[in-house]
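Top line first, the protein sequences correspond to chains V and B. To get our numbering, take the position in the first sequence, counting from 1, and add 1. To get our numbering, take the position in the second sequence, counting from 1, and add 356.
Misleading hints may appear alongside valid ones.
Derived Cβ-Cβ restraints for the label pairs, each shown as a range [as the list claims (entries may be wrong)]:
(1) L187(V) / I374(B): 40 to 48 Å
(2) Y12(V) / D429(B): 20 to 28 Å
(3) A107(V) / W396(B): 50 to 58 Å
(4) L187(V) / A378(B): 39 to 47 Å
(5) G13(V) / A550(B): 21 to 29 Å
According to the in silico footprint, chain V covers these stretches of chain B (three or more CB under 8 Å from chain V) [claimed, not checked]:
(6) 387-400
(7) 538-546
Computed list of chain B residues with no C-beta within reach of chain V, every gap over 12 Å [what the hints assert, rightly or not]:
(8) A410
(9) G436
(10) P470
(11) A508
(12) A554
(13) L557
(14) L560
(15) M568
(16) R594
Honestly, the hints are just simulated from the structure, not real lab data. For every residue, glycine included, the Cβ atom is placed at its ideal position computed from N, Cα and C.
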Amino acid sequence: MIEATGLTKRYGATCAVDDLSFTVLPGQVTGFLGPNGAGKSTTMRLILGLDAPTAGAVTVGGRPYASYRRPLFQAGALLEAKAFHGGRSARNHLLCLAASNGISPARVDKVLDLVGLRGAARRRAGGFSLGMSQRLGIAAALLGDPPVLLLDEPVNGLDPEGVLWIRTLLKSLAAEGRTILLSSHLMSEMALTADRLIIIGRGRLITQATMEDFLAAGSGSHVRVRSPQAAALAVLLAATGAIVAGHDGDTLTVTGTTAEVIGEAARASGLTLTELSARQATLEERYMELTQDCADYQALAEAGK
Amino acid sequence: MTAMLFTAPAAPASAGVIPLFADVLRSEARKLRTVRSTWWALLAAVGCNIVTAALLGVFLPGRLSAHEAATADSVRISLGGLHLSQVAIGLLGVLAITSEYGTGMIRATLAAVPQRRLMLAAKALVLAAATLATGIAASFAAYAVFQAFLPAGDAMRTTLATPGVLRAVLGAGLYLAALALLGFGLGAVFRSSAGAVAVLLGALFVPTILVMLLPQSWQDTVGPYLPMNAADTVFSLRHEAHTLQPWAGLGVFCLYAAAALAAGFILIGRRDA
Numbered sequence: 002m003i004e005a006t007g008l009t010k011r012y013g014a015t016c017a018v019d020d021l022s023f024t025v026l027p028g029q030v031t032g033f034l035g036p037n038g039a040g041k042s043t044t045m046r047l048i049l050g051l052d053a054p055t056a057g058a059v060t061v062g063g064r065p066y067a068s069y070r071r072p073l074f075q076a077g078a079l080l081e082a083k084a085f086h087g088g089r090s091a092r093n094h095l096l097c098l099a100a101s102n103g104i105s106p107a108r109v110d111k112v113l114d115l116v117g118l119r120g121a122a123r124r125r126a127g128g129f130s131l132g133m134s135q136r137l138g139i140a141a142a143l144l145g146d147p148p149v150l151l152l153d154e155p156v157n158g159l160d161p162e163g164v165l166w167i168r169t170l171l172k173s174l175a176a177e178g179r180t181i182l183l184s185s186h187l188m189s190e191m192a193l194t195a196d197r198l199i200i201i202g203r204g205r206l207i208t209q210a211t212m213e214d215f216l217a218a219g220s221g222s223h224v225r226v227r228s229p230q231a232a233a234l235a236v237l238l239a240a241t242g243a244i245v246a247g248h249d250g251d252t253l254t255v256t257g258t259t260a261e262v263i264g265e266a267a268r269a270s271g272l273t274l275t276e277l278s279a280r281q282a283t284l285e286e287r288y289m290e291l292t293q294d295c296a297d298y299q300a301l302a303e304a305g306k
Numbered sequence: 357m358t359a360m361l362f363t364a365p366a367a368p369a370s371a372g373v374i375p376l377f378a379d380v381l382r383s384e385a386r387k388l389r390t391v392r393s394t395w396w397a398l399l400a401a402v403g404c405n406i407v408t409a410a411l412l413g414v415f416l417p418g419r420l421s422a423h424e425a426a427t428a429d430s431v432r433i434s435l436g437g438l439h440l441s442q443v444a445i446g447l448l449g450v451l452a453i454t455s456e457y458g459t460g461m462i463r464a465t466l467a468a469v470p471q472r473r474l475m476l477a478a479k480a481l482v483l484a485a486a487t488l489a490t491g492i493a494a495s496f497a498a499y500a501v502f503q504a505f506l507p508a509g510d511a512m513r514t515t516l517a518t519p520g521v522l523r524a525v526l527g528a529g530l531y532l533a534a535l536a537l538l539g540f541g542l543g544a545v546f547r548s549s550a551g552a553v554a555v556l557l558g559a560l561f562v563p564t565i566l567v568m569l570l571p572q573s574w575q576d577t578v579g580p581y582l583p584m585n586a587a588d589t590v591f592s593l594r595h596e597a598h599t600l601q602p603w604a605g606l607g608v609f610c611l612y613a614a615a616a617l618a619a620g621f622i623l624i625g626r627r628d629a
């Protein structure tokens, strides 16, 4: 578990993280979202004790991370993909980190296997592709088999197979009861992987919620209708200009209209509705909706739409 | 919520400071020996010393007058390669820490060992051991090679039993280790290879030149305490009236290294990584 209370970090006049309080729970993948410059990476550095907060505090497993004597057993982190000496082999890089925490070379070989770098273990890491570097970073994070994992943009540079691999890995690690904080700009990927979300903008907390609650709270992008007379309803709705995007038994998926219009049309035609619900937008839509005003680099946010 | 199937593995039972330091030492020793630049620097130091000594041993004797040969500081001459090897060793000291900042590795290192000063101490110790061993080996090798190339009966011939010779040869090795630590301290302060190397080389060479602009009496007062001049005394056989005594000279040089290290130790605890 990670708990931040009133976490604040100022660099000169810039407030990178501003009175941020959140909890990252075990057993779930928590997505950490925010526009560029929102303070995600700074927050991760604060969690790991790499930067000292201007105010507030953050604990990992109930204690400040830096107070642990062998912290790789408490939390593993991937902050930057290329944060290694390019002249060292992947295996030596991991052996260096492992040794400092009394982790055996056998475990190093095991994590190399786990991330699929066995064949490249003795190659100079400087020649690695971004995807391989990410795998090496993930291997380093897993060295101590820690209950907490912090991953900053881990899917960046991975091929589709790698993206699927990390999604499966993170989900299974979370299912084991681990705490996983994952930042990514890939909304579709986040929607598939994360159970909970923490969204920040300009260093401030915008929201923290379960993925379900977060998406449900958004404005609807389509309407789900159930009716014993679904076929008749479909014809009726199509005549009003709505688009019936899906028809499965007694359930219709309708876009291009609102729940109110459908309800009124059904009432006017004497059709029975057993369910009428506006469905949430995608994570990307919800995210854009929320962070529009917070993006430090609006052009980038616009380009991402 | 998912059932808590996972429980964190217990960290190794030995979580005291001393076993921790031993682990960090192992980690830092591996770091130092698993990058090529370390071996290049050490090889360059030994190579420069030996090659220079050999060249001097072969070519110098025929060019010196009998008087020159009799008054020359033969040990200092045999250690002429220090001019080059000190650069290699100083660079190694700087890179031992700045390469971590340059690559971003420092954040992985400090995430693994949040006890920053303990980490820095382990790094310094490993560097000191490597450079001391190499420095002493390089100095003795240079001395032996120079002596071996001298013609029989040359006035510059000495043995390790000759007063001052053992101290000077050993002192040169100690100087190289202290120099590496000076570079390391500067590296920890400046966190950039280019910056730290510039300051290191500047500190070694510039004051010795600048002081010559001062009046003679000032030169005699300040000069002996300049880093290079102070260090010079420990690997020289002959001393002038205004230079420091050999061990005092090395001591002064070590104070410079200690000051840089102290600044590095203070700053690493206070700054964001």
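Here is how each hint holds up against the structure:
| no. | hint | verdict |
| --- | --- | --- |
| 1 | L187(V) / I374(B): 40 to 48 Å | 46 Å, holds |
| 2 | Y12(V) / D429(B): 20 to 28 Å | 54 Å, violated |
| 3 | A107(V) / W396(B): 50 to 58 Å | 32 Å, violated |
| 4 | L187(V) / A378(B): 39 to 47 Å | 42 Å, holds |
| 5 | G13(V) / A550(B): 21 to 29 Å | 24 Å, holds |
| 6 | 387-400 | holds (count 5) |
| 7 | 538-546 | violated (count 0) |
| 8 | A410 | 31 Å, holds |
| 9 | G436 | 31 Å, holds |
| 10 | P470 | 4 Å, violated |
| 11 | A508 | 47 Å, holds |
| 12 | A554 | 22 Å, holds |
| 13 | L557 | 23 Å, holds |
| 14 | L560 | 26 Å, holds |
| 15 | M568 | 41 Å, holds |
| 16 | R594 | 43 Å, holds |
The structure fails to meet hints 2, 3, 7 and 10 from the earlier list, while all remaining hints are met.
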